[in-house]
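Protein chains: 4
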Amino acid sequence: MSSSSFGRLFTITTFGESHGGGVGVLVDGMPPGVAVDPAAIQHELDRRRPGQSAITTQRKEADQVEIVSGVFEGVTLGTPILMLVRNTDQRSKDYGALKDVYRPGHADYAYAQKYGVRDHRGGGRSSGRETVGRVAAGALAKAWLATIGVSVVGGTVRVADVEASKRDWDETERNLVRCPDAEAAPRMIAVIEAARDAKDSVGGVVEIVARGVPAGWGDPTMSKLDAMLGAAMLSIPATKGVEIGGGFGMCALSGSRTNDVFDGERYSSNFSGGIAGGISNGNEVVVRVAVRPATSIGKPQVMAKTGGGTETVAIEGRHDPCICPRVVPVAESMMAITLADAWLRQRALRGREK
Amino acid sequence: MSSSSFGRLFTITTFGESHGGGVGVLVDGMPPGVAVDPAAIQHELDRRRPGQSAITTQRKEADQVEIVSGVFEGVTLGTPILMLVRNTDQRSKDYGALKDVYRPGHADYAYAQKYGVRDHRGGGRSSGRETVGRVAAGALAKAWLATIGVSVVGGTVRVADVEASKRDWDETERNLVRCPDAEAAPRMIAVIEAARDAKDSVGGVVEIVARGVPAGWGDPTMSKLDAMLGAAMLSIPATKGVEIGGGFGMCALSGSRTNDVFDGERYSSNFSGGIAGGISNGNEVVVRVAVRPATSIGKPQVMAKTGGGTETVAIEGRHDPCICPRVVPVAESMMAITLADAWLRQRALRGREK
Amino acid sequence: MSSSSFGRLFTITTFGESHGGGVGVLVDGMPPGVAVDPAAIQHELDRRRPGQSAITTQRKEADQVEIVSGVFEGVTLGTPILMLVRNTDQRSKDYGALKDVYRPGHADYAYAQKYGVRDHRGGGRSSGRETVGRVAAGALAKAWLATIGVSVVGGTVRVADVEASKRDWDETERNLVRCPDAEAAPRMIAVIEAARDAKDSVGGVVEIVARGVPAGWGDPTMSKLDAMLGAAMLSIPATKGVEIGGGFGMCALSGSRTNDVFDGERYSSNFSGGIAGGISNGNEVVVRVAVRPATSIGKPQVMAKTGGGTETVAIEGRHDPCICPRVVPVAESMMAITLADAWLRQRALRGREK
Amino acid sequence: MSSSSFGRLFTITTFGESHGGGVGVLVDGMPPGVAVDPAAIQHELDRRRPGQSAITTQRKEADQVEIVSGVFEGVTLGTPILMLVRNTDQRSKDYGALKDVYRPGHADYAYAQKYGVRDHRGGGRSSGRETVGRVAAGALAKAWLATIGVSVVGGTVRVADVEASKRDWDETERNLVRCPDAEAAPRMIAVIEAARDAKDSVGGVVEIVARGVPAGWGDPTMSKLDAMLGAAMLSIPATKGVEIGGGFGMCALSGSRTNDVFDGERYSSNFSGGIAGGISNGNEVVVRVAVRPATSIGKPQVMAKTGGGTETVAIEGRHDPCICPRVVPVAESMMAITLADAWLRQRALRGREK
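For the record, the sequence lines run as chains S, X, R and C. First residue of the first sequence? That's 1 in my numbering, and the numbers climb one at a time after it. First residue of the second sequence? That's 1 in my numbering, and the numbers climb one at a time after it. First residue of the third sequence? That's 1 in my numbering, and the numbers climb one at a time after it. First residue of the fourth sequence? That's 1 in my numbering, and the numbers climb one at a time after it.
No lab work stands behind these hints: they were computed from the structure. Think of the CB as a built atom: it goes at the ideal place given N, C-alpha and C, for glycine as much as any other residue. Check each hint, because a few of them may be wrong.
[What the hints assert, rightly or not] Coverage of chain X stretches by chain S, computed from C-beta distances (three or more under 8 Å per stretch; other residues unrestricted): (1) 28-36; (2) 49-63; (3) 67-78; (4) 148-156; (5) 255-264; (6) 276-285; (7) 296-309.
Next comes chain S alone, as it looks inside the complex (with noise of 0.2 Å):
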């Protein structure tokens, strides 16, 4: 299995760098006959896409979306989908002034050590252009789990120490910063035109929920739904940690407070996060993702040059203060192509629906 797939039997593919020829995905286990609406997905892939609002980075790009394959009179064929967005805006001149140096925080360096060549004009596969196909992929992903009633919604509970305290879904896409409480949302935005105006920027963290997922879903041992997600999240650009339902939170608490009461049917309380022993157990799935500030910063840093010695070096170009935004339907989508995974590994040890 190439080490850019994720998923066994619902399997994406990403390709493609920030600056060549366009970026995409290949789509590979879909079940025939689905409902595809590539405005359905053209909506997913413009509330990832740069310039979208005032806090986001100001680079333009359309990232209209081109399905190549796999999908015949408004449905899928079962076979594989390839979906492609070429590269418009590649102001490769921003670059030049990075060819000698390592950005701290960005993988050039663990890039130059793994390849031992690279493409200097961008963040090749590490740039956040690559999760364009990953949302293409869980637009499909969505749409397959809707037909079952399984939804998956997100948004940012956190901007740098300003949280959430309540949990909104109609809301978030209603402020720039996807938040899903309405009053917390203008003080995020704050603090990251703060973070915008110095040139700088803040972390936070973004919450995935998936409701109607049945139970039984995921599996006890090495491919827990906990390890699949887990996995899903720190592949995003930019993720350094993982949370199911209770996470690090519960470190301080009981086995008493945290064993979820369950009197067959409902559940008091939700700290395994949807997921018992790595199978979903009918609650609702809740993740949470640390997200780092940006490392791509307009103020001047020191920075190793390729051949020895450092510079203080500012990075010209245009920034995100705070990608939690943008991350939310990354997010979303890798909970969506998750389960999707899940539903089609169940199917084949159950041989039916659910």
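For this one, chain S is given, so just place chains X, R and C on it according to the hints.
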């Protein structure tokens, strides 16, 4: 690929239920010609073994490992290595009362929904006993990594509210809780003993560090080293969170603070946890794992009955009041296995040792 | 995925050397709730066992199988099934003389070049003994397939120049060579006995037929059912060819002759061997396997010495003059495993039984 | 792993239908720093292209390849390489009449049973057009193998009853049928022309040879090089048999005749086809593939109607009377891809070039 497998090239597959003929692991991809010391494998298993101290479960399992295949005259053959540990202390009667209920926090309900059949005598594959195989495989991975100077250490850095403030890795095996801070250890132990006496449990955090990892291991997208470690750690029973380097703590900081400055040889800090863009950057690889309070507790709890309704039941048996000390060798093993797999992939890519 | 594994969803991984602690198989992906009859597994192993008749090797191995995990109260749990067979008749001394030469036709030289280390006491993983695990796994696959009326039969249809002209599958277990033609069987046996007496060996062809396979199993491109069967059969030791349906014999015919006419229910012929475009078409699935003359023969042969130069050596030991009779259960097993895997994939794709 | 993928480490995944937006391939695992010559890729595609000569289909497809990602300044980046070929000559009207019937020998019925939906405008994924991606990927594999002196050649060695008696690999591109025997070529062509004029088709055999393969590639059990080549070849449309080295012809010989004598440097014969125990032995790797008579013929044929009953229909369109000449570059590609994958695995195992 089996859902009980981990690793693309250094592939481990565990097998066995807590109450069947035994548990173990099949390791494939281990290179030929590596010296294998059965005593070293047994030493790691003894670190995981129940009954090893006053603060772990008092169940007794000898956990004697047999190397059935793949090793000849003390060195690996490059062929599949089967390691088998027989079950010995099986008190099925302890579990008889649990046949008709779903234990809270456990996988019982999810398991029944998934499979439609379960071995009610214990946790089946969800049992902590499944980790025997991981530790045996981890011992092999450690031995191989050591041939190029890569070492893996770990310890309990938090129990409930008690945090370690030092990282003295030589200290961990000197105290029962495997804490790298000699001062914090007794306080952690006191908290665990209090939980045990209350027939309850507490959670904590385990930290694993890999030293000497060369730059260039890992992949830039779906198989980021972060992602593989995320899957590795969250596949361990009772874990509900994982963070790399700065993790969730970075969210409140600025990019100018968390971009590790590199002078071409050394890093000024390690917020990236030794991984940039999914690829090792030459710094120490640092992972922390959130361990929930053990779900098996002696206190009476409300449980759903398989036939409907609820019942208050006290689970007889011998439980771990805090599983952190026993998670340490398991998490170290998963780190070692993940790195061994990444090393093999890098050898394939570049055709040389590092 | 381990290179010792076969199958994406019904995954078998064999382990063990001919002269170590034992051989066997780890089966993962077997659905839960399937009845397992240990006697049926043992019956298949006995069909593969050395020493079973006058025309096979006279080595004696009891080949008693132990089911270590994954089965509880006579039904599968849906978890990994480990089956282990201990080695008993290990006459390492027979092999001592072979430590310093590369046997012609054997993997000795290739093996040494690959691994740099080898267990000279036998063929290591290249030994026919590795197939024990395949047969045990095949018995499980057969049992599961039988629940929907799919059966797998096979036999020796050619030995040297003697060809079977009938396909009476009830006949195969009535003669030592497992030939489905009662008239041809004694002539085949005579040829084998002559080879045995000359301390030489002969080749042949084994045919495997699967009946009751529903249309729709398999995939259209890389995982064509033909391709999977090709890999399955050519992974069996001593096989050097495989053909589906009309196979090589179709080359001389015209398309108007070999396009099987279908009336919506029945086919007029079966040149496609039950597979069209890689997908089962509802006809019987028919595969033939070319089995080379056994490379282990008693005649003196010129061999390269590991240190350079050549030597004429007679390989002591007890050899199979024709391995076709013992390949039959192995090839049946690989057919059953391949079909079980395809069935699971189709269940994932369509979410229903067939 | 996607069922449209081939190769564990050198992984290709093809996509595209004959009548959608295009076809192509995603290659992952190609090492970095390898020079890529677009003209060499185009040359291979031209060898596969329809309309290339009087004895192939007269359909015209330009088959111009675009390298979308993974190559920068003429060398590979080590990242996924997407190659895309647009569809141009789509005469869907030719296929309109076929919407309501299942063509004999084709996958139509099996496909409909598998997916429940199909693109009736052509063979969908079962179309020979899917092989475009294989050839593009094969050109990359060939380029990489060439860096250590491994070359892959192939040709048509049989058409109907006409067999080549020579293997002059410099001759193959000088005649339309790609026969390595200049004397047999015109006789083969005459047979093909006769079939074409009769609106019928003929089959044949293609042979592929890899030279310079070092000993030690491949694996001893499930991933034998024989098995991987078996899967590779039988995944090519219209193939129904494969043999390695002596293949089916060995059945009638004795072991003392077919055990290739090795003096430590050279082999006296090549019945093993360069592979012993699944591992390359330093001899030439030789594979032959049985190509059935093309199932698309112009003669009227009885076909099952999708709604029941049968009908006699003549398939309009432009068909290949013998597809061997066009299978040659595809089979060469699959050989090269299989070897590239085995090479990568061996580099992982041993950590060095060969």
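To see whether the hints hold, each was checked on the structure:
Restraint check on the stretch 28-36 of chain X versus chain S: 0 residues with Cβ-Cβ distances below 8 Å, three needed, restraint violated. For a cut-off of 8 Å, the count of residues in the stretch 49-63 of chain X with a CB near a CB of chain S stands at 0, and the three-residue condition is violated. Counting residues of the stretch 67-78 of chain X whose CB lies closer than 8 Å to any CB of chain S gives 0, which falls below the minimum of 3, so the coverage claim is violated. Counting residues of the stretch 148-156 of chain X whose beta-carbon sits less than 8 Å from any beta-carbon of chain S gives 0, not enough to reach three: the coverage restraint is violated.
Here's how the stretch 255-264 of chain X fares: 10 of its residues keep a CB closer than 8 Å to some CB of chain S, so the rule of at least three is met and the hint holds. For a cut-off of 8 Å, the count of residues in the stretch 276-285 of chain X with a CB near a CB of chain S stands at 7, and the three-residue condition holds. Here the stretch 296-309 of chain X counts 10 residues with a CB under 8 Å from a CB of chain S, which clears the bar of 3, and the coverage holds.
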